[in-house]
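Assemble chain B onto chain A, guided by the hints.
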Amino acid sequence: MKKNILKATIVAAFALIAGMNVYNAQKSDVMSELALANVEALASGEGSISDCETYCKSDSRYDCIISWGDGIEGITCTDHRKK
Amino acid sequence: MELINQMKKNYIFVICLFLLSVSCSKVERYDAAELFDFDTFVKIEELKGRILEFDSMIMRPNGIRVYDSLLVLIEPRSEKLVHVFNLNTRKKIASALSFGQGPDDMLQPKLMTNDSHTFQLFDRSSSRIFEYNMAAFVESQNPKPMRRLKLSVPVFISAEQVGDCIWGYSHQVEHQLYAFDSGDGKKTGEIIGYPNNNISYTDTEKLDAYYMNFTSNGMNKFAICYCMTDLIEFYDFNGNLHKRIYGPEQFFAHFKEYHDGEIISSSPDKETTRDAYFSPCNAGDCLMVMYDGGYVNDPDHTGLCSWIFSFSWNGVPNIAYKLDNPLLFMTVDSQHRKIYGISNAPEYHIVEYSF
Chain A
4 MKKNILKATI VAAFALIAGM NVYNAQKSDV MSELALANVE ALASGEGSIS
54 DCETYCKSDS RYDCIISWGD GIEGITCTDH RKK
Chain B
8 MELINQMKKN YIFVICLFLL SVSCSKVERY DAAELFDFDT FVKIEELKGR
58 ILEFDSMIMR PNGIRVYDSL LVLIEPRSEK LVHVFNLNTR KKIASALSFG
108 QGPDDMLQPK LMTNDSHTFQ LFDRSSSRIF EYNMAAFVES QNPKPMRRLK
158 LSVPVFISAE QVGDCIWGYS HQVEHQLYAF DSGDGKKTGE IIGYPNNNIS
208 YTDTEKLDAY YMNFTSNGMN KFAICYCMTD LIEFYDFNGN LHKRIYGPEQ
258 FFAHFKEYHD GEIISSSPDK ETTRDAYFSP CNAGDCLMVM YDGGYVNDPD
308 HTGLCSWIFS FSWNGVPNIA YKLDNPLLFM TVDSQHRKIY GISNAPEYHI
358 VEYSF
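Same order as they appear, the protein sequences are chains A and B.
For the first sequence, the working numbering assigns the number 4 to the initial residue and increments by one for each residue that follows.
For the second sequence, the working numbering assigns the number 8 to the initial residue and increments by one for each residue that follows.
Just so you know, these hints were derived from the structure itself, not from any lab.
Even glycine gets a Cβ: it sits at the ideal position worked out from N, Cα and C.
Fair warning: there could be bad hints in the mix.
Here are some, though not all, of the chain A residues that point toward chain B, as calculated from beta-carbon distances under 7 Å [claimed, not checked]:
(1) Y58
(2) S63
(3) R64
(4) D66
(5) I68
(6) S70
(7) W71
(8) T81
(9) K85
So that you can see chain A by itself, here it is in the shape it has in the complex (with noise of 0.2 Å):
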């Protein structure tokens, strides 16, 4: 009985260890586009997402700045122009 605890436990340590491995090894080490996005937005106090989709499109070279209102307040969206 105790020979079988044990073999249980051990099993479980090991299926415990390789799931974690297989973790660790689909961690990407890049960031998605939209996980880059969403603390950018959010780090911009206002405005979503969606908006730098909506008013500007991709071009590494530059930076969309959308603005509200009076134009004090708006978002950068990195890597992105005008459109």
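Here is chain B on its own, set in the frame of chain A:
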């Protein structure tokens, strides 16, 4: 005889009409701009690039600088934002700075022009400047900045050390730049107005049409290179215009303002919009800048620049370099007379040119 007189009168009438139409037509021009074209350059030289291969893959960098034998890349979509490569061994020697909002993290870093000992980054999302010791930066897994400087008002796109001040992109209608005290980050003034021309822009259109990058020679001159009109302006450190040069193809940026609820924006004219100058660099005794010239709506437009122009800091066209491997971004090592650039065709890679 009468017939001849009538014909003369007709000729004079036609000539007058022509002169009237020419004088009344609206010719777009910049005030006080010196025109130049490709023939103005002292010479046109073809450069052959060498692709540099490293032990680690280049992802999608949007910033590049060289400090002696170290190549620094900004990788905005990676977990670590700054990657340092040794140009001699071609090995990656450091990856640092996390994407985030912690005290030492950044969201939108941009490389500033630096000397070889210090290394400055400007975080566009927080308008903060971080200064590092280059040696310590390479050695540590989690480098701590020697100095953090928060600019007192928001700055967009870029900031640079200019003499004893820091100048930052204002995105305001009256002046293009803010000046800050480099000691405490407090705003000390607003400088450099927009170029005068006879196109009537709304405020929003003007801000979009005059999108620019800037750099200084570190001593007494400062250059603004516009991205959608082929215009370059040279200023002194007091913000006085020294020279405005317009070329080599002389095109303007045309935008049309629109409102969408609270949003105020403008769209570039689809037919006429072209890309102009990018990545201005201090190359010691000259300014070097990439030139595109392509129409944005052209299906073949890649966003890669096939030309690098060099100008004296007095604004005189010097050499036009034609590249065999066009670039997105570049940096210049004036001491070793090398240009390092980022290309994305067909995949992202680093190119080295000797000049």
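Hint by hint, here is what the structure shows:
no., hint, result
1, Y58, "holds, 5 Å"
2, S63, "holds, 5 Å"
3, R64, "holds, 5 Å"
4, D66, "holds, 5 Å"
5, I68, "holds, 6 Å"
6, S70, "holds, 6 Å"
7, W71, "holds, 5 Å"
8, T81, "holds, 5 Å"
9, K85, "holds, 5 Å"
Figure legend: structure checked against the earlier numbered hints; every hint is met.
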